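Enquirer: These protein sequence lines are chains A and B, in that order.
Note that the working numbering has the first sequence beginning at 1, numbered continuously upward.
Note that the working numbering has the second sequence beginning at 1, numbered continuously upward.
FYI, nobody ran anything at the bench for these hints, they're computed from the structure.
Treat the hints with care, since some could be wrong.
Here are the computed lysine to any residue pairs in the SDA-like style, where the Cα-Cα straight-line distance is at most 25 Å [as the list claims (entries may be wrong)]:
| id | chain 1 | residue 1 | chain 2 | residue 2 |
| --- | --- | --- | --- | --- |
| 1 | B | K75 | B | A88 |
| 2 | B | K431 | A | T85 |
| 3 | B | K75 | B | T163 |
| 4 | B | K75 | B | R256 |
| 5 | B | K75 | B | Q225 |
| 6 | B | K431 | A | A4 |
| 7 | B | K431 | A | L42 |
| 8 | B | K431 | B | R224 |
| 9 | B | K431 | B | W379 |
Keep in mind it's a predicted model, so treat the numbers as computed, not measured.
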Amino acid sequence: MTSAVDVYPNAVLEAMARGVPVVALPCEGGLAELAARGGLLLPDREVGTAADAVGELLASPEARERLRARGYEVAAEHTVDAVLTRLEELYRGALAETSDGMPTGPSVLRA
Amino acid sequence: MTQASRERPEPYCSLIVPTYRRPAQLAECLEALACLDYPRARLEVIVVDDGGGIPLEPAVEAFRDRLDVRLLTQKRVGPAAARNRAAATARGELLAFTDDDCRPAPDWLRLLAAGYRGDPVSALGGHTVNALPSNPYASASQLVIDVGYAHLNSGGDTAQFFTTNNLAVPAAGFRALGGLDPSFRTAEDRDFCARWLAQGWRLTYVPEAVVYHAHHLTFAGFCRQHFAYGRGALRFHREQARRWQRRIRIDGAYYRALARAPFRRERPVRALVLAALLAVWHVVNTAGFVCESLRPSRGGPSSERGPARCRVLHVSWSGRVGGIERQLAAVLRAARARDYGAAHLCLLDGRGAVGESLAAEGLATQLRLGHGWDPRGLWRLARVLRRLRPQILHLHTHALGPLLVSVLVLPGTPRVYTEHSPRALRPESWKFRALYWLLRRACFRVVALSPGLVDAIEGRGVDPRRIVVIPNSVAVATGGAAARERAGTIGVVARLAPSKRIDLLLDVVAELRARGVDCSAVVVGDGRSALGSRRRRRRAGWATVSASSESRTMSFPGSTGSTSS
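Using the sequences plus the hints, can you model the full thing?
Expert: So this is what it looks like as structure tokens:
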């Protein structure tokens, strides 16, 4: 991935889930964190660096296999079920706090 | 004053002051009442504590030797009910009303009582003066009232409207009308005056009877007050329309007079400040009006598709194939089987493949908002929010207009905001500053997609305790592609936008090809930009472009369509 800014790319998650090795250039946003854990995050945004890294990967099935395994691991943390469970926790917390009489409305409009 | 009235004694007056959590102002008010040049034997003062929870007995006690003053307390039910309660126990034949933040002039009550003696079936109102001329919010508030008085109370044989902080009503007439309508939290005075006039009774303006009004307003207080007045105004107009079987009328002449007023009364700089505040007044007042008009009791038409009520309502912008939309589609589909199954998605501009298919499944409502401030689209959004009345609102768009509408229409509903926009990572723009100003006040939690984004969100002033990390999910099954791997294909799947820097990818592939590595590139995505120059594409082995309805697919020699980079 060559993005300059990427918050949390679906394409990368999907590639990891399908066992495609991911190489990313450093950038702003969640892409860099994702690639650092489940793929290969390059040290700079130079074309030469990227060509070296991809060239090595193409030449080495073992290296691709290592990246693939890390990708599977990260993708497994991102199941829809796992995300839904965390969302539900968040919503339950919101409802509990509201029923406790905690303010939820904007302070500007609270009479 | 007629000869007959001069011979009658001063009427016995009951002076009614509702108060709520302002003991210091109440003491100042009582001090002013103690200085009234009205016979003490003909005057009683009734203070009603509207559930303020602050002991007022000491403040009242200090005036016992100078005034016949009583203190009543009640649960908080609003000033209209408080005034009615006092009126029910009042002994006077004339009921005079003022507020705890008001200081009547010494001759105030004498002048109103004189008017009453001249015309015992008339209610009387005096002139209210802003006692805090250095406070622009108080000045603007008073200006709104002053222009109303000039517009409604001059000319004709009767005035039309008095505020309850400077009003005297014959007790018999007050009781015959059943007092103020306590279901009004604001605008109860407008309603009362209209009912009074409907009886064929008169309202007499006594401009010499002056009350100094010292309401220390802040900007937020000003907005809050006039938002509430806007709500009251709609209730008032609706009540009028119901009573007289006519449509709600908006008095254009009043608004024109109001727009001119600052420049007629004030020096230029101050006039501009007041004009700006009046513009704010228009906005918040209208917002209150609109907010009240959307109350669910009215049961507006429900032309938009969707469920009757849902638990979690997601609000997003586009229905096209994109990251946020595909995430939401996966979450909504999976949520059907779970506890919070009643999730629904409101797409502000729902056009596109994802929007269409979710709408067909009954999971989404498409609004076709043209742009962020499209008034008709925002109106439709407000109606959908009112109709669905979700328990939780989850916002996925950084558009300010829809957030503002959600705050106005559902002020008590907990809101969650997920930051999806890469622009949030960029240096401050006014739009994001405004967005986060509102989010800090109106959102229960802000969701960061990754731990790294927490810093960016914190940097915008959000309390770290209110930031939650919940990543995107992946909707495809794990495993599978390794067996079909075709080494040598380097690809990217992305929206073809400049920020994706597809040109860099092409350069990398070109560099590898120049080194003699057997490889090619595949780019799958929607959009036209950022593919670099024709020469660059040729160097990377660019061959054909194929277009489908939703995405343009660029294929290169030897590609299999696998997604890697």
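Enquirer: The structure should be examined with respect to each hint, and the outcome stated for every one.
Expert: Status of each hint after checking the structure:
| no. | hint | verdict |
| --- | --- | --- |
| 1 | B:K75 with B:A88 | holds, 16 Å |
| 2 | B:K431 with A:T85 | violated, 32 Å |
| 3 | B:K75 with B:T163 | holds, 23 Å |
| 4 | B:K75 with B:R256 | violated, 41 Å |
| 5 | B:K75 with B:Q225 | holds, 21 Å |
| 6 | B:K431 with A:A4 | holds, 22 Å |
| 7 | B:K431 with A:L42 | violated, 33 Å |
| 8 | B:K431 with B:R224 | holds, 23 Å |
| 9 | B:K431 with B:W379 | holds, 21 Å |
Of the numbered hints given earlier, the model fails hints 2, 4 and 7; all others are met.
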